[in-house]
Structures are given as structure tokens and as C-alpha cells.
Amino acid sequence: MTDKRTENLATRRDILASAGSLVGGGLVSGLGLATISVAQAQVQSTPAAMALAIRKIAGEATVTPGKVKLDLPPLSENGNSVSLTVSVDSPMTPANHVKAIHVVTEKNPQPYVISVRLGPRAGQANISTRMRLSDTQIVVAIAEMSDGSFWSDTRTVIVTLGACLEDLI
Amino acid sequence: MARALINVPAKAKRGEIITIKTLISHVMETGFRHNQIGVKIPRDIITSFACTYNGEEIFQADLYPAITANPFIAFTTIATESGTIAFTWRGDNGFSVAESVNITIE
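Taken in order, these protein sequences are the chains called A and B. Using the working numbering, the letters of the first sequence correspond one by one to residues 1 to 169. Using the working numbering, the letters of the second sequence correspond one by one to residues 170 to 275.
Calculated from the structure, these hints are not laboratory results. Any given hint could turn out to be false.
What the hints assert, rightly or not - Computed far set for chain A versus chain B, every beta-carbon distance over 12 Å:
id: 1; residue: Val63
id: 2; residue: Lys69
id: 3; residue: Ala95
id: 4; residue: Pro120
id: 5; residue: Asp153
What the hints assert, rightly or not - So the derived label-pair ranges between C-beta atoms look like this:
id: 6; chain 1: B; residue 1: Lys209; chain 2: A; residue 2: Thr93; range: 41 to 49 Å
id: 7; chain 1: B; residue 1: Gly200; chain 2: A; residue 2: Lys56; range: 17 to 25 Å
id: 8; chain 1: B; residue 1: Ser194; chain 2: A; residue 2: Ala95; range: 24 to 32 Å
id: 9; chain 1: B; residue 1: Thr221; chain 2: A; residue 2: Thr93; range: 20 to 28 Å
id: 10; chain 1: B; residue 1: Lys190; chain 2: A; residue 2: Thr156; range: 21 to 29 Å
Just so you know, these numbers come straight off a predicted model, no measurement behind them. Where is the CB? At the ideal position from N, CA and C, for every residue including glycine.
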């Protein structure tokens, strides 16, 4: 978490510096802040924390995009509750089924969201839940198949009001 | 005792894929927030959820602070036999709730 925060700060500083060199003067801080979330989503495609989390889930195996479908609203007004559905294209037979589904995020204080274990008894690989998002960011769903392969799907969610940041009343 | 809502069809055909929806009341305090005087609010979340069908585990989930307050989880299973579908939620500070519903296979 600390590492991630330092990294974010560094990026923010870089952006502010570049904005400063372009515009200069009093406009800088306002302009810089407004562009931060958009710029970060584009610049930090895979921050270290999420990459590490994916490594811990998949180990040495390669994670291939495909087979998984992650359903998320492209824009969320309230980061405190974002519904998500993960479905995986699998026959769900004892020989070929989804063993686990993991969801990780890029910029939440912790990358993990949920880890689910299922099996052929599920009939189909389809789960839904609701998550918190602290900022506009990338969400990745990873499916572990019974043959040991890993598949993923990635979605970007724009969050207007992030979770975790509100003041307690 | 936390209140849990469970939605399972009362009757199903043998071999039918049924959807199970669960919702439980819980604050899911992340442990990342501070109160007005700057003191960190300790983490208080549900860490695991499990579902068994006639004693056999069919679904298990590990939850993290990124799950919303009042966690909602929906998943599917194949209706095999008439019997009991049991649910357990466990979490920080000894939180533990067990619920069960009956299902009839036609």
C-alpha cells in the first residue's frame, strides 16, 4: 500500500510538472488535478501492486485474455457500490471446469476484491457481487481452469465519487 | 445476529441450474478509514462465505475490504437432490452466521 501511494505521488508530480511547463501560472494546480484521474488511467496500465497480486494468483502460469466475461458499468456515479458479474465460457464438466475466479483492481488500497472457488456442481461459471472502487481504474477478472490455465478479462470503470474517501459523520 | 436474505427457488427440476442469491447485513469496515480525530477505524469485514448442498461444499468465497457493505453474492448450482442448502459467513471479531434453506426436487 505504501509503495503504491509513493508511486501515485510520483506520477501526480510528473503530471503536474508537465502541465506546469505547458501552461504555467495559477492555472497549473486546477488543470493538473482535473487531468490526474484520466491521465493515470492511461499511463498506469498495470501498477506493481496489481501485477504482483496477479502473479500470486497465477504463479508461473501465463494469464491469457479471453474466455472470461467481466460485466461492469463503464461509468459509476458511486464507487461505494458497483455491481459486477463474471461469467466464464466453460462446459463445467468434471474434466473441464472453472476451479476459481478472482477479481483484482488497480488503484484500490488493496488489489484483491474477491476470490471464489467453484466446481462442476455449479453448472455454469457465473457469479455476481458488488464492489467498492476508490477511483477511476482498471478491474481484472481471472479464471483458473481445471487444466491449470488462466484466463482474464479487463474493464475500465470511470468513478465519479470514489469509495473510502468520504468523511465520517 | 446479522440479518441474511437468501433467495433459492423452493422447487426445481432435477438437473436444472438454479441461481442462489445471498445478502447479509454487515458494515464491511475497510480498516482504511479514519474518524474525525484521525484515529484509524479497525477493520471489521466478512472474510469468507461458504455454501453446502446436503453437506457437500459447492461454493466458497474469500471476501476482501473491496466488497461493499451488506455483501451480495449470487452464484449457480445444479439442483441434484431434495435437501438442505446451508450458508456460512465468517469474519473479523468472531463474526459467524449460519443459515439454511430447503429445496424440493420434482
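Starting from the hint list further up, note which numbers the structure goes against and sort them upward. 4 and 8
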